[in-house]
Amino acid sequence: AQSVTQLGSHVSVSEGALVLLRCNYSSSVPPYLFWYVQYPNQGLQLLLKYTTGATLVKGINGFEAEFKKSETSFHLTKPSAHMSDAAEYFCAVISYSGGSNYKLTFGKGTLLTVNP
Amino acid sequence: NAGVMQNPRHLVRRRGQEARLRCSPMKGHSHVYWYRQLPEEGLKFMVYLQKENIIDESGMPKERFSAEFPKEGPSILRIQQVVRGDSAAYFCASSPEVHSLNTGELFFGEGSRLTVL
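Top line first, the protein sequences correspond to chains A and B.
For the first sequence, position 38 matches number 38 in our numbering, and the numbering has no gaps at all.
For the second sequence, position 18 matches number 18 in our numbering, and the numbering has no gaps at all.
Rather than coming from a laboratory, the hints here were simulated on the basis of the structure.
Some hints here could point you the wrong way.
Using C-beta positions, here's what the derived DEER-type ranges look like [what the hints assert, rightly or not]:
1. B:M5 x A:L56: 33 to 39 angstroms
2. B:R15 x A:N41: 23 to 29 angstroms
3. A:E71 x B:H10: 37 to 43 angstroms
4. B:R20 x A:S80: 29 to 35 angstroms
5. B:R20 x A:S3: 44 to 50 angstroms
6. A:L18 x B:A2: 35 to 41 angstroms
7. A:E15 x B:E41: 28 to 34 angstroms
8. A:T52 x B:N53: 46 to 52 angstroms
9. A:N41 x B:G85: 18 to 24 angstroms
10. B:E41 x A:T52: 29 to 35 angstroms
With the C-beta cut set under 8 angstroms, the calculated list includes, among others, these residues of chain B facing chain A [claimed, not checked]:
11. E40
12. G42
13. F65
Computed list of chain A residues with no C-beta within reach of chain B, every gap over 12 angstroms [to be verified]:
14. S14
15. Q42
16. K58
17. E64
18. H75
19. E88
20. S95
Yeah, the Cβ is synthetic: ideal placement off N, Cα and C, and Gly gets one too.
Based on the provided sequences and hints, a complete structural model is requested.
Take a look at the structure:
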């Protein structure tokens, strides 16, 4: 079974500072990994995804993530935080259970606070 | 191009009543997923449906919960005899086909927030 673990349920940064949100995965097969963002009282929006190919993937709003197989990690970064980045961020992995049974399995989320 | 539509956005029920949550997937999407979100627990998978078929219901509680996705109309998540522990946000997501899910994303609705008094 595939799973992800997000380290840190709450991260607080100053505006303009580096954002680093950590995600480690567990998978017996090459993983497909995702980061989603959720703004208050809204649904989830895809930030970026890794399937195959380049291990550094760029997403929307200046975010990027690097797939590191040796570390089983897929950390999300942004060089300079903006107030509008305050939200909850979820790492996810495709779980496959045979046949046509695919689903996304999510981590518990990391709430990002950006201080002025 | 309308996104995934969920209604109601907010629902209040008393213990013992029934809750029905509806989800209309994006146009052209035939795969629907339901997730439940509780504070500090992230999103928990409940059920995966294709038109007229339940593919995976491994995340559904054994009692009181059911889901359907008929040939016509929205997907319905039904909770009978609600209890306070059912209070949560319920999200629906859709995908156009298996291939897309294998390589891509799910499209989420804005959720239905159930409060049980």
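Comparing the hints with the structure gives:
no., hint, verdict
1, B:M5 x A:L56: 33 to 39 angstroms, "35 angstroms, holds"
2, B:R15 x A:N41: 23 to 29 angstroms, "25 angstroms, holds"
3, A:E71 x B:H10: 37 to 43 angstroms, "42 angstroms, holds"
4, B:R20 x A:S80: 29 to 35 angstroms, "45 angstroms, violated"
5, B:R20 x A:S3: 44 to 50 angstroms, "31 angstroms, violated"
6, A:L18 x B:A2: 35 to 41 angstroms, "37 angstroms, holds"
7, A:E15 x B:E41: 28 to 34 angstroms, "29 angstroms, holds"
8, A:T52 x B:N53: 46 to 52 angstroms, "29 angstroms, violated"
9, A:N41 x B:G85: 18 to 24 angstroms, "22 angstroms, holds"
10, B:E41 x A:T52: 29 to 35 angstroms, "31 angstroms, holds"
11, E40, "6 angstroms, holds"
12, G42, "4 angstroms, holds"
13, F65, "17 angstroms, violated"
14, S14, "24 angstroms, holds"
15, Q42, "6 angstroms, violated"
16, K58, "15 angstroms, holds"
17, E64, "17 angstroms, holds"
18, H75, "17 angstroms, holds"
19, E88, "9 angstroms, violated"
20, S95, "8 angstroms, violated"
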